[in-house]
Amino acid sequence: MSPSPRRPGGPAPPPLLLRLARRAAAAPLFARLAPPVLPRLDRLLHRLTGGRVQVARWAVPSLMLTTTGRRSGEPRSAPVACLPERERTPRSFLVVGSNFGREKHPAWTGNLLAAPEAVANYKGTDFPVRAVLLTGAERDEAWKRLNAMWPYESYAARSGREPRVFRLVPREA
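Numbers 15 to 187, taken from the working numbering, label the letters of the sequence shown in order.
By construction, these hints were calculated from the structure, which means they are not laboratory data.
Note that the coordinates shown come from a computational prediction; the quantities given were computed from them, not determined experimentally.
Just so you know, even glycine gets a beta-carbon here, dropped at the ideal spot from N, CA and C.
Among the hints, a few may not be true.
As the list claims (entries may be wrong) - Computed spacing ranges between beta-carbons, pair by pair: (1) Leu-58 to Lys-158: 32 to 40 Å; (2) Glu-155 to Arg-66: 25 to 33 Å; (3) Arg-66 to Glu-101: 22 to 30 Å; (4) Pro-50 to Arg-175: 16 to 24 Å; (5) Pro-104 to Thr-63: 21 to 29 Å; (6) Glu-88 to Leu-147: 31 to 39 Å; (7) Arg-37 to Asp-154: 33 to 41 Å; (8) Arg-105 to Arg-37: 29 to 37 Å; (9) Leu-58 to Glu-155: 29 to 37 Å; (10) Glu-186 to Leu-55: 26 to 34 Å; (11) Leu-43 to Gly-174: 13 to 21 Å; (12) Pro-42 to Arg-144: 15 to 23 Å; (13) Pro-50 to Arg-85: 31 to 39 Å; (14) Pro-104 to Leu-147: 14 to 22 Å.
Model the full assembly from the supplied sequences, consistent with the hints where possible.
What follows is the structure, encoded as structure tokens:
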């Protein structure tokens, strides 16, 4: 028996379980059922565990991203799947505004466009980041890597829009 493929952000889940999770995530039913439940559950778990536990983390690396609301000016936290870029110095994270394949961009992406400074919490550690919207060849390369991790292409096809892709780069506090 060959070893399970390693995914970024932690040990690989059993291959069958990961394949089932990816298939479920690509289904339109998931786009209807998950949005009202998963983000709320992740925010609750984040608060209760100091950021050490997130539901989505069993299938895909995730972080809690706190942006500044573009209209309210208030802090807004959203659980976001991420792809840690360990090969970069300083280490950065790729994130995609898939919004579960819904028609509109998620609010956190608009917040980053208005104010790119944010705070990320990855595995219980807070650190300030600056978001860089990726375009052109840089976006294309990141998009390929993100799709190797999760079925974002199915989300893009279902939504009818091009999801925004950002690189979160650590910054001084």
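Which of the stated hints cannot be reconciled with the structure, identified by number in ascending sequence?
6, 7, 12 and 13
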